[in-house]
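Each chain sits in its own coordinate frame; assemble them with the hints.
Here are the chains, one letter per residue:
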Amino acid sequence: MGTEISIQKCSRRLNVSGSHWNLPFCGSLCFIDFVKLRNSRTVPKVSYDAGDDSIAEVFRPVRRRSHTNLPQHIAVSMKILVRPMMIALAVIGVTTLAVRSSAVPHTFERNVTDVEKDRASDRSGTTSSNSTAKSIAEAPVVAAANAELARLWEADGSVRAGEASDLTLLRRLSLALHGTIPSLEELRLFEQDTAPDRINRWCERLLNDNRFDDYFAERLARGYVGTEGGRFLIYRRDRFISWLTQQLRTNRPYDEIVSAMISGTGVWTGQGEVNFLTSGFDDNDFDPNKITARSVRAFLGQRMDCAQCHDHPFDRWKQSEFEGLAAHFAQVQISLVGLTDDKTKEHVIDDGTTEDGRAVAPSVPFHPEWLSESESRREQLAAWITHPENVRFERATANRIWGLLFGRPFATDRPVDDLPDPGTDPRLAMLDLLGEDFRKKGYDLKRLIRVIVATDAFRMSSIPPETQNVEGIPDNWSVFPLVRLRPEQVIGSMIQANNIRTVDQNSHLFVRALKFFRANDFVDEFGDPGAEELQARAGTIPQALLRMNGELSRELTSMNPFFAPGRIAAIAPTPEMQIETVYLCSLTRKPTPQERRYFETMFQESGTGTAIEDLFWIMFNSPEFSWNH
Amino acid sequence: MIHHTGLHSLFSSLTRRQALQIGLGTGLSFLLPTLEARSAEKRGKERPKSIIVLWMGGGPSQLESWDPHPERSVGETVSKISTTIPGLEIGDTLPQMAEQIHHLSVIRSMVSKEGDHERGTYYAQTGYRPDPSVIHPSMTAVISKQLKRDDIEIPQHISLASGDGFVVPRGGFLGADYDAFRIYDPGRNIHNMRPGVDEARQKRRLEGLDVVSDAFASLRQMPVAKTNHQSVIEKALTMMSSSQLEALTLEGESQSTIDRYGDNRFGRGCLVARRLVEQGVRAIQVVLSGFDTHVNNLDGQRKQFGILDPAFATLIADLKERDLLDSTIVLCLGEFGRTPKINPLEGRDHWPIGFSCVLGGGGLAAGHVIGETDPNAGQTNEQQLTKTTPPESPVSIPDLYATILTTMGLDPYEELQSPIGRPFMLSEGMAVTELLPERLR
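Protein chains in written order, with the working numbering: chain A, 3 to 631; chain B, 253 to 693.
Bound conformation, chain B alone (with noise of 0.2 Å):
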């Protein structure tokens, strides 16, 4: 693996006590922070909730996946196979989770507002519509403010392997504090995070920044204050050092145990995911995109649920093995599903009206099986994104967000203000009773 040597020689070039060493000597020491020498210890007992959202960009295919129905006209579409929740039968795409999914629950009546990649992602992302006036936080950044961990050098919210603007789930009002991390390419390497010299001249450089910083502060108090720009910079320097940068990277991890997530980028994010999570990290997302299958539908999907199918077993199959699941919530979601009516492409169009997701682990409810869709109800409407029939007892974004945030000990209905002062409540919606941990119901 040539890429580990990089990060190897990373580690080893500076560790936390020569980035102190170099922090003392300049007035920037005053920036490190007074943490013990080597905070990274794994989750102990008390075992903080996680989530981790493996987000299916572009509009997963709910036929070729968690809601089949080869025996109504859907066009050439996939088999079924049978599963370990007893009675339910997803795609032949998915054979690995067949095996994992008594773990979890699937909603196959997920309904959405919207029909388009960037408003339909937005409103899967935070439970509201893009509105002119305010850009609402995503549900993952509200849990990372919410259950803020002081113990943690790294950010608390990080996106894997995402390409897109915006499928990166946003801080909105809240600042963009509470953006998501982005990293390309999960363990290949840590992006930026490696200062670029050695560490004398790495101490040279931030003496000097020190003497330049001073000179416009010195005169400008209060509004250099104001800016932050000091403790950004130190926030930057605590992470470079941080010794808990090491769940961001693969390093001891068996290329078998990858090779079993898969040893692409999607398969990679979740390894360093379930990382994450052993380090206390609050809200992970892992992006795998590629679902918009307008032309040649089938052979499109099959290729995405076969990158998703190793990386989503493995993951959950990992996360009870280190008796992780419990305090680990997985949702597996995309913006919305796929038209049941085919193209004459043979491709499948956008359809927000009846489409699945997977959710399950950190107490939430599992073997679960809501909603049912008749996948050839909206068919005469030529249009089909408009007055479509809705599925049996519709499950909408703002539910399932706030399920989830119930699961994870937080009241939904509390209300965050926008800058403004105009109040949102965490999630509009009515958690899944079914879902919910039966303490909770």
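If we strip away everything but chain A, and leave its shape as in the complex, we get (with noise of 0.2 Å):
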């Protein structure tokens, strides 16, 4: 007794005084120590001083937000804790912004020539990534991978679209690999280049940014655990993320990866990829329905979800067949250390036909000369899953890819998760050439990469030839899809056209706390599509309102001088040139001369700033910025 807790619901601050507790509130370390509380034999007496709500969202286990890499409760502790702080950053942010901005010479050219040097160590690589380019271009699989889409549209007699400008492949590439827009430093460095096959060129570059790694670990994630919390202490979902950068960044090879999340043993802190399995515990109990109905998706491309409870009503999975390769995740436990295997359980099927339930004897669908030899149940499924000859496992990793550049599996018309046989569908002939090259050149899912970008479906248009443009547009890649962007795409690219320079870990900490906190607000608000990403969806009434009134439009729209807005209206000399600019930053292009004129128009009646102001609101509501086109 004699101990005492408070808790403040305005400072989120659980504060235990007496001899033994001082938590500060943050996130797991709380939940912790509340454990340990909680088996003390002392009763404390807590105190509420809430608001409306109370205790219960201090102590409610960490939801994930939906992108980042901190747990919800720590951004929304940092939030509170940190945002006074950032009031004094912005203060610092604001003086050195602008001693900086005051020493820039005024003129872009000259802006990025600066930028050039700062960043010369990048070039160190340049000759290599030089020869990856052109070898990439020349790569048999491209030819291979542009027959067949010759093939695909002769057979549906559909005419293929032009090809894209430079610049919009550009920006399609910083969106499907970055996850936000060019930076306009970016364009005239991007603009100063002229030597041929650039475009691969700076595919590779953007690949050997670690603004790749992040992002495409993320979204990479959403297939393999979605975006939900999970069993809170044992899941950590940063953990996995932050592990799978790594793995990107190494560039591992992706069977590698594949099975170190099936066989993973150990502490869910220290090996991330442990995470991948402990997402799967429900309450108290590890479910391998829910890991194998996982794996399946995610690693084999197919739906075997079904077979769980029935067979599977229009494929051929089998209940029995499911339930064999569930038995191979039976002897999950939590231990002393960390995840492991209880060698000597079963998989044990309580469906009511039998008092004590019927074990069941790992097993595998097919071809079980694929297991290893080894001890572990989960590391002979890894074998068998990423085993060379298991094509689906190729086939599945070549349309999530495709997926995640595109905005659409290459299989469109059905899940990404949810391919047919291999072999059963000719149009699908993409997959299993583009799978076989992955493999033969070692699971390198940059390799994966590169080879989609070169492929003559990146390149084209997305505006449709004369014929299609009233007939309808055929599923075959024959003209680029429009593909709504994803939350933090749109929020990412409202904060990268909000500045001049490049948003990345260079970026002054005031920019990047701001992107980090608004980001996370901005992509709650939006709505987060979760795991189903890749699916087709229109936009929402909240999301129109928050992209034309929301305070972040405000502000990121507002005359800051600073920013983009600011910038744009003090340095650019003319209105010409002060358009031109707006729409390179957030559009990614030159305006039409009728924009031009139209806009010079509506600049000489409003005056500057506001007219800079509008023109970026403008921007930001058009179909143009939140469709990948």
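Be careful, since some hints might not be right.
Listed below are the simulated DSS-like cross-link pairs for lysine-lysine, each with C-alpha atoms no more than 27 Å apart in a straight line [what the hints assert, rightly or not]:
{"no.": "1", "chain 1": "B", "residue 1": "K400", "chain 2": "B", "residue 2": "K555"}
{"no.": "2", "chain 1": "B", "residue 1": "K400", "chain 2": "B", "residue 2": "K487"}
{"no.": "3", "chain 1": "A", "residue 1": "K592", "chain 2": "B", "residue 2": "K365"}
{"no.": "4", "chain 1": "B", "residue 1": "K400", "chain 2": "B", "residue 2": "K478"}
{"no.": "5", "chain 1": "B", "residue 1": "K397", "chain 2": "B", "residue 2": "K478"}
{"no.": "6", "chain 1": "A", "residue 1": "K292", "chain 2": "B", "residue 2": "K365"}
{"no.": "7", "chain 1": "B", "residue 1": "K455", "chain 2": "A", "residue 2": "K592"}
{"no.": "8", "chain 1": "B", "residue 1": "K332", "chain 2": "B", "residue 2": "K555"}
{"no.": "9", "chain 1": "A", "residue 1": "K136", "chain 2": "A", "residue 2": "K448"}
{"no.": "10", "chain 1": "A", "residue 1": "K347", "chain 2": "B", "residue 2": "K365"}
{"no.": "11", "chain 1": "A", "residue 1": "K320", "chain 2": "A", "residue 2": "K347"}
{"no.": "12", "chain 1": "B", "residue 1": "K365", "chain 2": "B", "residue 2": "K572"}
Bear in mind the hints are in silico, worked out from the structure with no lab data behind them.
What follows is the structure, encoded as structure tokens:
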């Protein structure tokens, strides 16, 4: 007794006064200590000192926000605790930016030269990336893929669209690989690069940027663990993401990455990959079915979920096949040394037919010879899933990566993880040839991306040929599809458009903090499509309201002298250049002559400041801004 | 009320007529639908049915509210008070509800299959367990779709005072159009619904937007038409200029009315819910979270029920007084209840087997008490969540929803198709006969 806990919602701090406890509330740390507290004999007195809500929010398990690497609670408490600090930082930031911007020569060209110098280190890899880019353009697999596309178009009697402009391609690449549009700074560099093959070379450049690993890890993770919070304490999505980021950074072969996820053991905080399995805990028990269904979907691109309860209605999967696969995960347990296997445990199914349930031995639905000799059931299964002859693995990966690059999987008419059996659909031959190259080149994800980017499908314009503009567009990649940007792509692009320089790990702390906190709030409001992200979906009214009237869009379009609107007004000498720069910053293109004329009149009528604000507002609300094209 | 001045200027500065004027000068004018200038007639004789769900987030304790057992060994708890339903006693946390409860019924034998907040919320809002292959629509989304009204310009599925994303009811496979429209601080400000600039400037912006949209769309007519971008902006602009938006404010409500509900997010949410019902909005959720009392249960529950009691009771009395209760179902529910056993921190943990909910209005039979629990029945089991004895006459979440859907004139066994053509019934449960309106029993 004598211990007192006071919980104050407004500052979200948990303070336990008394001799033993003094815990600033901070996500998981608090919870662990809370458990200690709970197991102790003392019954502390808790006083509630909350607004409308109370303690519950404080103790509610961490739910992950959509795309950052921090659990929500940390994010929330950081927001509360750090915001006052941010104001201080903002003051410093504004001062520094002011100094910086006054030091920057007042033309964009010179600006860019400076940046070039800053990033001289970047260029040490240029020679090798030049040669990679060249070899990709000439790779037989790209030619084969293009021939396959031509075959599809011929079979459908469709006319292919023209080539997209290089600026459009750069925008697509940036959105797919970094989750944001290119900055003006990048555009100027790109414009100066006149050597042939620059798209492949820039693809290489983007792949070698840290922003790729960060962004792509999150996108991939959705297929593996979704976006849910999972069981608190033993599931750490942030650790999983940072592990995956690291794997991408070192370009670890994809079969090894997948094997590590399936067969990992150890502590979820140290071994990030283990969280793939701990995400399968519901309440107190490990659910082998959940992980089995997920593995089959994510790694083999097929859905066996239905077979969990009954034979698959339209596919050939049997319930017994599902149970046999699930038995590989049945020995998973949590012990003092983290996640391990209990070698004596059997997969018991309690279907009510027998008193004690029936034990199911591990089995696979086909090719048992692909299983390895390992002791561990999960290692056996990992070998089976990633076996070179198991073409489902490579086809699934090719379809998913295609989906992440285009926003639509190659097999457009079905979910990304629901492919038909290999060899059954001749229209999916593209996946076989991309998959084969992927396997032969050592399951190299970056190469797979380079190959897809080099195909005609990626280079295609989104403007349909005249005839199709009215009749409708065939679903065969003869025209680049319009795909709605993901919420973090929208907010990332808005923030990027608001900055002349590239927003990345070298950005000013204030800009990054803004990106982190605001992006979180925005994604929350905008609505996160979660694991279903590759399915076609329309925009919503709350999203339109948020873009038109939201606080953030007001801020990002306002005449702040340190961000794009203010700087364009101050630096670009004529309305003509100002209009062009706003277009480049936000739509990655120059205005058409009509647009130019229209907005020049607007600039004369409303004055530069107002006109630039209005123009940014218009850009952010245009369909061209929120749809990849 | 400082907060209201802002709103007032919104309505005075941009009436629908002005919005039409703005629209007329631009290519976006075609976006403004042909509605008569003021369509916001209050509910007429027809009185279509609505539902208000008071969502008790975190798991409210049945023992400190609708199902008290102070005589049993359930740890420190409330005492009982008698109510306007003869024989029904509830916790002393709910004195005002004790006076209104005869308009409603109590179910004390709710059972759920999920004991985790997120999963439990999903189940308790949809009637289906989480399934990785599909996202089910919440019951309120189903109602807003099946009973869609064309004369409503504001969202027909609204969540008030909610904070957590997973508590906001979703449209699931029905599509994002049926997601609840979320308003964090009801009555205080209408989130993002106000143009940031004056009319003239808004007009210039919309004109400019036309120019830029045209440049993009003219070359891609079919694909851009498919994106619906334009029609979404259209609907948003309609909403921004709709007089029905007033239902989302507290315009014209006296401070004493607000105080009767409770001048907090939940209280104001209940008041706004009433205004929305008057406007004809179908499905409204008002959230009160903070029931997750793993520590010092009694204080926490007392505090939260202290917020619920005046708001709920005033809402019922108000609906009754305005003759709206017969056309409005009110349901008070959380994702699960709390354990009869008190933990070492004097808290209660999650309890999905045998918790309570309250419902009534909209024609539902009133004055019933369904089910019974024995709080000491599960005490032998350490885990407390498994193998507990089910309560007398258990009512599952799907049963509850079958009851509500039937009462609203819908067939619970009607099937909706998911995008891949998988059929789902509106609810798989069996309606609780005693609660149905007499003509439907």
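Verification of the supplied hints:
no. : hint                 : result
1   : K400(B) with K555(B) : violated (37 Å)
2   : K400(B) with K487(B) : holds (15 Å)
3   : K592(A) with K365(B) : violated (57 Å)
4   : K400(B) with K478(B) : holds (23 Å)
5   : K397(B) with K478(B) : holds (22 Å)
6   : K292(A) with K365(B) : holds (16 Å)
7   : K455(B) with K592(A) : holds (24 Å)
8   : K332(B) with K555(B) : holds (17 Å)
9   : K136(A) with K448(A) : holds (15 Å)
10  : K347(A) with K365(B) : holds (26 Å)
11  : K320(A) with K347(A) : holds (24 Å)
12  : K365(B) with K572(B) : violated (35 Å)
Hint violations for this structure: numbers 1, 3, 12, all remaining hints satisfied.
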